[in-house]
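Peer 1: Could you use the hints to bring the two separately framed chains together as a complex?
What follows is each chain in one-letter form.
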Amino acid sequence: MWIYEKRLQFPVQIKKTCPKTASLIISQYGGPDGELSASMRYLAQRYSMPCKEVGGLLTDIGTEELGHMEIICAIVYQLTKNLTPEQAKTAGFDAYYIDHTAGLWPAAAAGLPFNACEFQSKGDAFADLFEDLAAEQKARTVYENLIRVIDDPDVLEPLRFLRAREVVHFQRFGEALEKTKEIMDSKNFYYFNPEFDKQFVKK
Amino acid sequence: MNTVADRMQMLRQITEVSFMVDDLRLYLDTHPTEKKALDAFGTAMKQRKQLLKDYAAEFEPLTADCVCPETNNRTDFCTRYPGQAHFAWADGPAPWEGGAN
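One line per chain: the protein sequences are C and F, in this order.
Each residue of the first sequence is one higher than the one before, counting from 0 in numbering that gives the first Met the number 0.
Each residue of the second sequence is one higher than the one before, counting from 0 in numbering that gives the first Met the number 0.
The following block holds chain F by itself, in its conformation from the complex (with noise of 0.2 Å):
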């Protein structure tokens, strides 16, 4: 298992389904009736919730709703405290690094 290529692959995944979220919430805002756009949203929204709750038991929490000590960053990926319970949100690397580090 390469932990780098699988975080990058599945951080594309949670960007995507996102990006699908925020576009879907600024068209709901002038078209709240909307059924295929809501069925959309609910769709991506589940998904986007999903991958986050996967995502934060590989590697680092990305919400503070994922934070969990027991069961975040099963990997170890980017973390001070390996093989340890510890407060996960400083894992991995910050945003601004571009994810590669």
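One chain only, chain C, in its complex shape (with noise of 0.2 Å):
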């Protein structure tokens, strides 16, 4: 189960309204490398991992990524929270604003929805340990990018800190995909899936 604390990881203090900005970070709420995808695909791959600890280090940074999605959130929240009239018809947000006013919606940031076709749970320890050190790559080069469009040091802060989260869950991750080999028999790591072709799994 979870418990929620009353408090985000790394705190937001934004004080200028910019529906442009809050249209390009919404991204990593309900983009293609967003929190949101983040947190269900290591969520939904933990259940079937054959390593224990790699099934619980899911389970952590899965969470994690669920307080990266409230950090997001705050932030679009936050930027378009005083929006005037005149403000939402800003490029980039007038089409958000007619369907979803100043409320928030994961969608990516050229409109698409959250969909779950954007992660996999294959099913197979290494195809899903693979995905998941993509993702944090991939997630890294959205928050460069917004980090070297955007100006607002107050917008800056928290992404620079979710930036380097996605560094360390690289790392978790590859020390995750080491450990999963030590339980494996053959030489060859790649050649079976360890959820399902189990006798090739250490007892």
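If you are wondering where the hints come from, they were derived from the structure by calculation, not from laboratory data.
Every residue gets a Cβ at the ideal spot worked out from N, C-alpha and C, and that includes glycine.
Hints should not be assumed to be uniformly reliable.
Unchecked claim - Output of the computed footprint for chain C on chain F, the stretches with three or more beta carbons under 8 Å from beta carbons of chain C:
| id | region |
| --- | --- |
| 1 | 27-33 |
| 2 | 39-47 |
| 3 | 56-62 |
Stated by the list, open to error - Calculated from the model, a selection of chain F residues having no Cβ within reach of chain C, i.e. all distances over 10 Å:
| id | residue |
| --- | --- |
| 4 | A4 |
| 5 | D5 |
| 6 | F76 |
| 7 | R79 |
| 8 | P94 |
| 9 | E96 |
Peer 2: This is the structure we're talking about:
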């Protein structure tokens, strides 16, 4: 189960309304490499992991990603909470405003709604862990793209924190991959599916 | 005493020490017997528990485990029920409001 803690993992205190910036950052909520996708990916994959520690790591990183989703939503919310009718016409936010006003709805920067097809749960530990490693790198790229185009230091601070977390998660997933290899019998780790072809997993 | 400034300072301490706990938890998931990390986790967790307890006595409880109508929010910070025993879980600003209102 989950327990809620009434605070953000990293503080968000934005003073300046900017719907244009919100329309870009929302991608890390509902976009292809966003935090919703990340948390759902890890929390879906963990059940069938053959290595117990890796299932535990997926639970902990998936949980942290839920906290990151909350940070992203707080940024979008604060950037738009005092929106004027004139600002609602801002290019990049006007179409969103028509359907959602200043409410939070998971979508990519280009307007595509969140979709579970943005992540996989393959039932194969190696396939899934390589997806997780790639996901952290892709999310890092998005944060770097955002950091390059955004000027407001109040927005940049939490984005830099979130970018650094992608790097740490990548490192931990690399270690999880090695741990999964350790429980395989074969010298060719990638020839079997350790979640299905259980005879190749060390007892 | 400046309630708002004190609260923000305490909240910051909680954020810092809790982040240590978060990061060390992931590290220990893949290095479960590393002495230095185990010690650092123990120290940070002890500080976090004490800070959460102290914070809930002064202000709104941040976790359900800290909810206690008799002792919560001594300063009546951001509550609709000042001077009255109440369920303080709803006191304080929503986390996404930036903690400053």
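Peer 1: Which of the listed hints are not met by the structure?
Peer 2: 2, 8, 9
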